[in-house]
Amino acid sequence: MTIMVPRKHGDASDGMVGGRLSRFEGNLKVTGAATYALEYPTEGVVHAVLVQSTIAAGKVVAVDISRASAMPGVLLVLTPEDDLGLRAAGDWAGTAPKDEAYYPLPRNVQFNGQSIAAVIAESREQAAEAARLITVSYEETASVKDLEDPAAGEGKMMGNLTVGWGDAEAALAASDVTIEAEYRTPREYHVAMEPHGLIARWEGDQLTIWEPSQWSHGMARMYAEWFSLPLENVRIISPFIGGGFGSKGQPLAFGAVAVAAAKKLGRPVKLAVTRPQNFTSYGGRAATRQKIALGATKDGILQAIVHRGYSETSVYADYAEQTGAATPVLYKVENYSSEHRIVPVNTVTPGALRGPGKNPSSYGIESAMEELAYALGMDPLELRLKNYADHDYQSGKPWSTRRLREALTEGAAAFGWEKRSHEPRSMRDGNTLIGWGIGCGTFPVIRAPSEAMIRILKNGRVEVVSGSIDMGQGTYTILAQTASEALGVPVDQIDVLLGDSRLPGSAIAGGSMLAGSITGAVHKTAVAARDELIGLALSEAGSPFRDTGANTLSLAAGRVSLPRDDGPSLSLAELMTALGRDTLEIRRNTLSDDAQTAEDQRRAWTTMAKVMGPTMGEFSMHSWCAHFAEVRVDEDFGTVRVSRMVSAFDCGRLYNPKMVESQWRGGIIMGVGQALLEEGIVDARNGRTINNNVGDYLVPTNSDIPDLQVISVGVPDLNASALGGKGVGEVGIVGVAPAIANAVFHATGKRVRDLPITLEKLI
Amino acid sequence: MKDFSYVRATSAEAASQAALQAGAAILAGGTTLLDLAKCGVAAPETVIDITHLPGLSDIIVSADAATIGALARMSEVADHPSIKAAFPAVSESLSLAASAQLRNMATIGGNLLQRTRCPYFRDPGTFPACNKRAPGSGCSALGGVTRNHAVLGTSEHCLATNPGDLAVALVAFDATVSFAGKTVLVEDFYRLPGDTPDKETVLGRGEIITGIAIPASAAAKNSIYLKVRDRQSYEFAAASAAVGFELEADGKTVKDIRVALGGVATKPWRARAVEQALIGKTLSAGTVEKASRLAMEGAVAQGDNAYKIELAPRVVVRAIQQLALKTAMKTGGLA
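Listed in order, the protein sequences are those of chains A and B.
Per the numbering used here, the first sequence starts with residue 5, numbered consecutively.
Per the numbering used here, the second sequence starts with residue 2, numbered consecutively.
To be clear, the hints were calculated from the coordinates, so they are not data collected in a lab.
Each hint should be verified, as a subset may be incorrect.
Unchecked claim - Distance condition first, Cα-Cα at most 16 Å in a straight line; then the derived EDC-like pairs of lysine to aspartate or glutamate:
#1 Lys765(A) <-> Asp231(B)
#2 Lys302(A) <-> Asp180(A)
#3 Lys222(B) <-> Asp196(B)
#4 Lys3(B) <-> Glu129(A)
#5 Lys267(A) <-> Asp86(A)
#6 Lys765(A) <-> Asp305(B)
#7 Lys3(B) <-> Glu126(A)
#8 Lys302(A) <-> Glu343(A)
#9 Lys39(B) <-> Asp86(A)
#10 Lys754(A) <-> Glu578(A)
#11 Lys33(A) <-> Asp303(A)
#12 Lys282(B) <-> Glu247(B)
#13 Lys295(A) <-> Glu152(A)
#14 Lys765(A) <-> Glu247(B)
#15 Lys63(A) <-> Glu144(A)
#16 Lys160(A) <-> Asp322(A)
#17 Lys754(A) <-> Asp569(A)
#18 Lys295(A) <-> Glu158(A)
Values in this document were obtained by computation on a predicted structure and should not be read as measured data.
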């Protein structure tokens with residue numbers, strides 16, 4: 005495949021799927037005209053500020069609110085004493101809610117930074133000052149600080165994550181060459197530019213919530229369950245999102261607090277979660293630990309992989325950061341064994357963060373493969389190609405498409421890998437040691453149904469309407485492109501409406517599944533709209549096409565004409581006028597024909613019940629990538645800078661290469677942060693994340709990021725999605741950290757097995 | 002945030018007068034004050050805005066000295082051609098500090114008074130014990146995470162690192178700071194924490210910094226600021242060094258050398274032992290390396306920050322080497 009060459013604007017393909025259009029809402033965002041959730045003007049709005057726990061575990065004995073309540077402007081103080089009347093909500097999977105109460109401000113403290121009280125006042129400043137004056141008495145109990153705490157123990161085996169075939173232990177023991185190592189990743193956080201928060205407004209029993217959301221329908225359902233409302237009474241509005249990365253897919257405790265406060269006060273409530281509070285309002289990526297043993301023949305044929313992983317979870321919920329997620333699908337291996345355990349510690353329940361599971365998993369296996377390459381004295385690229393998996397050994401199924409070989413070879417060619425000298429510390433520039441490394445990544449193709457509506461208006465404009473969201477990945481733009489292609493209408497004649505749970509149902513913007521799902525729904529709907537329009541044009545009185553004798557019509561460049569263009573030609577507006585129609589509205593979904601009941605639809609749009617994993621079907625379907633990193637390490641200071649990266653991706657067909665490249669680069673940049681900078685630092689004495697702000701929790705700045713060359717090697721995969729694309733949003737981060745860690749080893753001869761690779765580990 | 006009254010000062014005297022009240026805070030660039038108010042460390046009763054006072058923003062560079070008004074912005078000083086020419090380390094220390102947005106707001110006077118980044122100091126809700134914030138309450142950093150804490154100048158009462166970059170360069174070149182009609186060396190302006198870590202400088206109540214002066218010297222003209230950190234930009238120093246030197250006419254022997262350290266000490270740290278060990282010597286690798294180790298005399302590690310004791314001398318060595326190379330390239334021969 006070719007390195008993508010930017011097309012010029014004006015190319016015929018510009019408006020079609022595959023065109024490099026700039027994001028539709030870009031101007032709104034850079035000029036500040038895009039309205040984010042907390043910016044909605046709401047009359048009579050009051051402000052809520054959270055109070056969070058300062059101990060890791062125990063019980064709230066008393067909350068002294070006397071000083072806070074006496075402060076000017078204070079309207080309401082909520083504490084664990086207040087029964088907010090909430091009921092438990094069902095989970096993502098759609099399991100029916102437990103019949104029990106839900107306390108978003110609980111008495112039992114399970115982690116440091118848990119919300120335990122809230123103050124609502126006329127102004128945010130008044131609420132913040134009053135919140136500061138609340139004193140909480142605790143009865144502290146013993147806590148477990150983190151995964152490395154001796155009190156943490158071995159945790160709980162996740163039987164559903166045990167994977168094995170062949171006899172891995174025996175094959176390992178019989179291997180000519182073996183390596184065994186343990187790899188660690190710390191707590192990492194989403195740190196989206198837009199912090200969490202919401203505005204909640206009640207009108208009678210109708211609830212409107214402005215909140216950044218990766219899933220407007222699913223969040224509406226959970227709010228409805230908390231407040232015992234019919235689903236249709238809850239409306240989530242979220243047209244723009246300042247980054248989610250997995251953190252904005254469900255309502256969180258603070259949301260329940262704001263909505264409950266709005267109900268009690270009869271006034272709209274705005275709650276802006278502070279930056280420090282963001283670190284504990286939703287969990288980041290769990291800290292992980294994984295032991296990997298690899299066995300190979302002398303000539304580098306992989307014989308066995310034995311993998312034992314651990315990730316932390318909270319003391320009140322099970323969340324597995326699946327360290328074995330990428331391990332079984334990257335290489336050909338006849339003997340495999342993997343187990344994963346979760347270890348409860350006193351933290352907020354960890355959550356999904358870009359590339360959950362696959363990301364730390366890839367750090368483990370891709371570091372281990374390079375360690376094996378050095379044990380064998382073999383080029384790490386050669387080792388990877390030698391053990392290329394011809395099919396999915398875990399499921400036994402063929403790949404739908406897998407162009408990881410092309411990613412490796414074309415990435416290597418673009419990077420200049422053949423010029424590498426194998427020995428560590430063999431490339432230098434003065435005090436600077438230079439190293440090259442590879443890391444492969446993968447992310448499963450997750451499929452889900454969606455719904456869409458197309459409206460053709462009297463003025464000739466076309467609306468594409470969906471309750472799905474755009475958090476920067478380009479949904480607005482690619483849906484216009486999809487509709488443009490299917491309808492034969494230029495994109496500038498198309499408006500896209502998103503981000504409202506009142507609009508047609510949609511898959512979550514998570515698991516890299518939204519684009520494939522929603523383009524399929526829009527495509528299907530647009531084709532139906534086109535058929536409907538042509539049918540009307542051929543049959544309705546008033547249409548100039550009625551008596552032409554044609555049995556179909558052409559719709560191109562926004563005009564309706566006879567197939568041979570030898571008769572009338574009308575713009576959409578002219579045709580709508582001729583038809584005497586104000587609108588033509590078509591709604592379709594991609595649920596199967598036998599699953600079209602109201603309950604089927606409710607479950608499809610508000611739960612994960614209809615989501616299909618990568619091996620549900622004949623094939624095993626995944627996106628793939630290979631990252632090539634060059635680092636420069638100051639020999640004296642131990643500082644690492646990434647000086648060059650080439651990353652080659654197989655994500656199938658790209659609906660808009662410009663958007664895709666932006667997402668890939670965003671993932672790579674996050675991967676650089678993960679490799680070199682990001683770490684939630686916990687004080688062992690009270691479980692507090694002490695660098696809970698963006699001054700101290702370091703993410704890369706522009707000057708940390710070199711030019712990132714990205715290459716597409718994918719081919720359309722029509723098993724993966726209607727239009728042939730595979731997931732794009734997450735695969736970019738997967739494999740970056742091991743590529744950099746491997747490059748650091750190549751540069752310095754030091755193998756750092758715990759991220760991030762900070763200077764004191766190399767000095 | 003607590004309600005406060007806002008006073009726009011019309012004269013320096015009025016500002017000083019107003020600043021005498023308990024709970025008064027001076028507002029210049031506001032980058033530190035707002036930050037500390039948000040994290041609950043600062044809760045002023047009165048904010049005295051001095052940004053409109055005339056005559057406090059000038060940058061004047063003469064043959065003898067640079068004088069810089071307290072309200073000059075960091076970015077203005079960093080980019081000033083005469084500062085760059087006569088005091089490169091000063092300019093570099095500013096360019097390498099904070100972010101572009103902060104440098105455009107923050108003032109020189111405020112920069113000297115920035116507070117530590119010690120996470121325990123900055124989180125009063127969770128860590129009530131902090132001798133700097135609440136004298137006598139204890140030090141939460143002791144026994145906590147100390148990766149970024151000081152190894153020099155600490156006491157059993159406080160480990161907090163002075164976060165400044167500019168002040169390090171100023172200390173190296175004997176700059177002075179003026180306030181309330183007094184002028185003192187920047188080095189003497191800062192106090193060691195001892196048993197009063199709340200008293201960070203010798204500035205008295207109601208006293209307002211009006212400006213700084215940096216005497217011109219050959220060493221200041223031939224100087225460098227080197228800052229080492231994990232992130233390329235917008236991070237406080239793991240260790241930094243301001244170095245300047247002047248060679249004898251032979252182009253080899255050190256006539257004057259200045260070395261100061263940042264990121265490792267409770268105040269901007271002049272490394273006089275290193276200077277003494279190099280005066281009269283040539284800057285050979287062995288000599289420089291040996292001398293640079295003296296920078297860590299008296300250093301005490303807390304565990305997490307032990308790497309600083311290894312790192313800081315290396316930063317001094319590199320700074321001297323880089324400056325020697327620069328000097329050699331300028332003079333056309335290797336020193």
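Results of checking the hints against the structure:
| no. | hint | result |
| --- | --- | --- |
| 1 | Lys765(A) <-> Asp231(B) | 11 Å, holds |
| 2 | Lys302(A) <-> Asp180(A) | 6 Å, holds |
| 3 | Lys222(B) <-> Asp196(B) | 38 Å, violated |
| 4 | Lys3(B) <-> Glu129(A) | 7 Å, holds |
| 5 | Lys267(A) <-> Asp86(A) | 13 Å, holds |
| 6 | Lys765(A) <-> Asp305(B) | 11 Å, holds |
| 7 | Lys3(B) <-> Glu126(A) | 14 Å, holds |
| 8 | Lys302(A) <-> Glu343(A) | 27 Å, violated |
| 9 | Lys39(B) <-> Asp86(A) | 28 Å, violated |
| 10 | Lys754(A) <-> Glu578(A) | 71 Å, violated |
| 11 | Lys33(A) <-> Asp303(A) | 55 Å, violated |
| 12 | Lys282(B) <-> Glu247(B) | 12 Å, holds |
| 13 | Lys295(A) <-> Glu152(A) | 14 Å, holds |
| 14 | Lys765(A) <-> Glu247(B) | 36 Å, violated |
| 15 | Lys63(A) <-> Glu144(A) | 6 Å, holds |
| 16 | Lys160(A) <-> Asp322(A) | 9 Å, holds |
| 17 | Lys754(A) <-> Asp569(A) | 70 Å, violated |
| 18 | Lys295(A) <-> Glu158(A) | 13 Å, holds |
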